[in-house]
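Chain A is fixed; fit chains B and C onto it per the hints.
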Amino acid sequence: MSVLVEARGLVQQYTTGKPLFGQASTVRAVNGIDLAVQEGEILGIVGESGSGKSTLGRMLLGLETPFAGKVLYHGQPMPAPRTEHWRRLRAQMQLIFQDPLAALDRRMTIARQIAEPLEIHDRAKGPELAERVAGLMARVGLRRDQADRYPHELSGGQRQRVVIARALATNPRFLVCDEPVSALDVSIQAQVVNLLRDLQEQDGLTMVFISHDLKVVRNICDRVAVMYLGRVVEEAPSDRNFADPRHPYTQALVSSIPQAGQGLEGRIILHGEPPNPAARPSGCAFHPRCRLADAACAATVPELETHGGRLAACLKLPAAARQAA
Amino acid sequence: MFPFILAKIARAALTIVLVMTFAFVVLRMSGDPAQVLLGPDAPQDAVDAFRERWGLNDPIWQQYLAYLEQILTFDFGVSMRDQSPALDLVLERIPATLAITIPALILKIGIGIPAGVYAALHRESVADRGVIMLSIFGFTIPSFVLGLVLVLIFAVTLGWLPSGGQDTWQHAILPIATLSIGGIGILARFSRSAMIEVLGQPYIRTAMAKGLPWRDVVWKHALPNAVIPIITLIGFMVGALIAGAVVVESIFSWPGVGRLIVVSVANRDLAVVQCLLLVIAASMVVANLCVDFAYGLLDPRLRQKRAAH
Amino acid sequence: MSFVSIRDLRVAFDGVQVLHGIDLDIGKGETVGLVGESGCGKSVTWLAALGLLPGKAQISGSVTIEGQELIGARPAEVEAVRGARIAMIFQDPSSSLNPVHRVGRQIGESLRLHRGLRGAAARNEAVRLLDMVGIPSAATRIDLYPHEFSGGQCQRIMIAMALAGQPDLLIADEPTTALDATIQAQILDLLSSIRRETGMAMVLISHDLGAVSAVCDRAAVMYAGRIVEANDIARLFTGPKHPYTRGLFDAIPEMDAGRARLRPIEGTVPDPKHLPPGCAFAPRCPRASGFCQSHLPELKPQVRGGFVACFHPEATRAAARERQAAVA
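Protein chains in written order, with my numbering: chain A, 40 to 364; chain B, 1249 to 1557; chain C, 96 to 423.
Simulated from the structure, these hints should not be mistaken for lab results.
Computed from a predicted structure; not experimentally measured.
Check before you lean on any hint, since a few could be wrong.
What the hints assert, rightly or not - Computed cross-link-like contacts, EDC-like style, restricted to lysine to aspartate or glutamate with a CA-CA straight-line distance of at most 20 Å:
#: 1; chain 1: A; residue 1: Lys254; chain 2: C; residue 2: Asp327
#: 2; chain 1: C; residue 1: Lys151; chain 2: B; residue 2: Glu1445
#: 3; chain 1: C; residue 1: Lys123; chain 2: C; residue 2: Glu164
#: 4; chain 1: A; residue 1: Lys254; chain 2: C; residue 2: Glu349
#: 5; chain 1: B; residue 1: Lys1468; chain 2: C; residue 2: Asp238
#: 6; chain 1: A; residue 1: Lys254; chain 2: C; residue 2: Asp303
#: 7; chain 1: A; residue 1: Lys254; chain 2: C; residue 2: Asp345
Next up, chain A with everything else stripped away, as it sits in the complex:
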């Protein structure tokens, strides 16, 4: 397997609107991420709001230029947004996000919306175009008679299928799904997750799957990176990460998911709230909420290191491992 997309030392920061007097404040959404996405794998990125997971996704797609560090696609640096080269790359990489209604044009029939990327990238026209659209609709499980419908005439799950069909139109190699099923009901969620999975298997797509829903990530992803306040704190194969989490934050995250028939006992309840990225704690950003933290954690930013078959960034890993056991 080769690396398709690689992030090296990615940093993204935003400056909040500068007032007439006084200081503008900067917020680091992503604070130093090294990550490699292997060709043909589904990499999950989980984290809470403010962890920077969506920002990371947009940078991996080249939709945002990082403040520092770089993104490599097929070993080549990502071209700057809106350049000719960048535009040509769009056909190969697509984004699917949470709200399909916002992603679709309400005044266009779904067939036209699916056809649009084919026309833009000059992939097909005339009868061939119609055939390609019909084929795409069939692949995502939309009926032929739905072609002339408008987005508001479809259910949430069907709309997300339209978005997926449109994303697949140009035969992309790389797909970033940002909370693609979070707005859907449980029974529909499973349909869409299965669909994404089938498509990935058939085409050998490379996928980054961003979600706060650990159960879904656990089900669909080969590998998972857990983010906390702009950094990856643990990265491991999905099975290992969820069955035997080692970073204290991952442990708490996994433990926080209520399981049918297990009651509330024995769960790790974290104290406090995820801190504001504008007021990042010193050292390990997780230390104020961590039950294992000591003075060293407040002073040193832990680096990702190999530990028990995964990467984890924690100074107390041996202790955390003992707790997990």
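This is chains B and C only, laid out in the frame that chain A set:
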């Protein structure tokens, strides 16, 4: 908070300077005051003397600098027509204008907001539809039409009220009515939609779920939120107190600021027009400042944002 | 006798019926889950019961609290129940608090209304409540505005406000849905510990089956405006009888189940304007027969406990085992 106030005041001052400059330039490019004031048949010497007297022969930037210097010493010049100080001419007209615009504003607020809120609380009732219809009627009819119609009905046909002049309080009734009807319509419409928007908010449901009587939900939870957008609109209306009656004053021969504007512009009485524009701009800017501060008092979210700056 | 009793509750908006006769009893001190997907009517049931739906909603049926009828009652009577006997918290905590009032004032309002507390007494009690729901330095933060708190803290404040009236029943409508995973865990923990301490009853409205199973004594599953199955938690989760309940459980990925393919429920929830004539779930149901398409199953008590509205319920594991034993 303090830098925020400073910034606001600086911006307000800048606005006034821009208005002044603009007025100065436009007035000088739109016709020769000497020709207008002295008439087309005036002898050339008289015209030259007039131009010399008022410095109209200097390059425009010199005139402008001289004007700025005057303003900074609170000297607003004298009328080209009768040599009286321009500021006095303007100031003596203001009470007459306020005598109709302030009652009109009180009517707009006193009728418009309650009508809008009532309509919002009784949506799709007869009263609601009535308010919507009347408010559309109110703000679509131009004031010169409305004024003339009112004169026709109440002065000409019924003979109840005088059609123009300023002698008794009855003379003020038709101008005030003409001025207020459009504003009542706009405020009613705006308050209605602001209130409907607020009533759909989750915190209203929370207030109800608490067991508060409906009256308290409306007065303590809905209105304080609905007032925030309405304040902006009222700010505009306050800003227009001095200059908002030009048309109505002309219809009813009401000797206020509006009439002075019309007369002075027609005569190219530069000092008076400039002074008028300055006063009007200042009143609008001050009204705007007041709205900004009122916002801060009413909306804690804004207050905090400002404090952070 | 049950504390709150809902009988044949029906709700329609603009002539479209969204609730088709709900029967539900909540006993004192009990925790009941109400489960279902969006639009199934789980929130509408309680908003209707408390008179919190907009005026255009047509409501019929009966909701009684210790025998006192709420549907059709005078506004003052319903207001006396809201907050004092039955309190409710909502999905989106940040917008559920009034942005222009300090949180202390919003809690104080309930204290004055239901317990007659004013001034320093109300303030002290509000601080105590905020403390109890885990707001750090409550004594100073009581004077802050809602936007100065995070979403999780806003939900804590909502809970404090609900507790201010010392209600006998708390309706928690998707209380953790809008929150992050670790905060969800905190709020769920808080709700269940408060319930233990105060002994109040609770209804947890949620689409999160895990949360319901962890907190509730029993649960009702709703689909398209009807309750399709109700049972105590253990029986419901070990042996769901209605195919929809079963499908719902199967559709949720398990944390410890590896990467097995998910088993979704095919199709979509029917449009309330065009409900199928028979069982609303029949078009999506793997067990449906022709009879199901034309006949409406009633919610019937089952021999082994619980209620199911289905002509072809799933066999429980125990029943299946017995049948096998009988054959052998």
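Taking the hints in turn, this is what the structure says about them:
1. A:Lys254 - C:Asp327: 25 Å, violated
2. C:Lys151 - B:Glu1445: 17 Å, holds
3. C:Lys123 - C:Glu164: 17 Å, holds
4. A:Lys254 - C:Glu349: 6 Å, holds
5. B:Lys1468 - C:Asp238: Given pair Lys1468 (chain B), Asp238 (chain C) holds - Cα atoms ~17 Å apart, limit 20 Å.
6. A:Lys254 - C:Asp303: Cα-Cα ~12 Å, so holds.
7. A:Lys254 - C:Asp345: It holds: about 13 Å lies between the C-alpha atoms, which stays within 20 Å.
Hint compliance for this structure: hint 1 is the single one not met.
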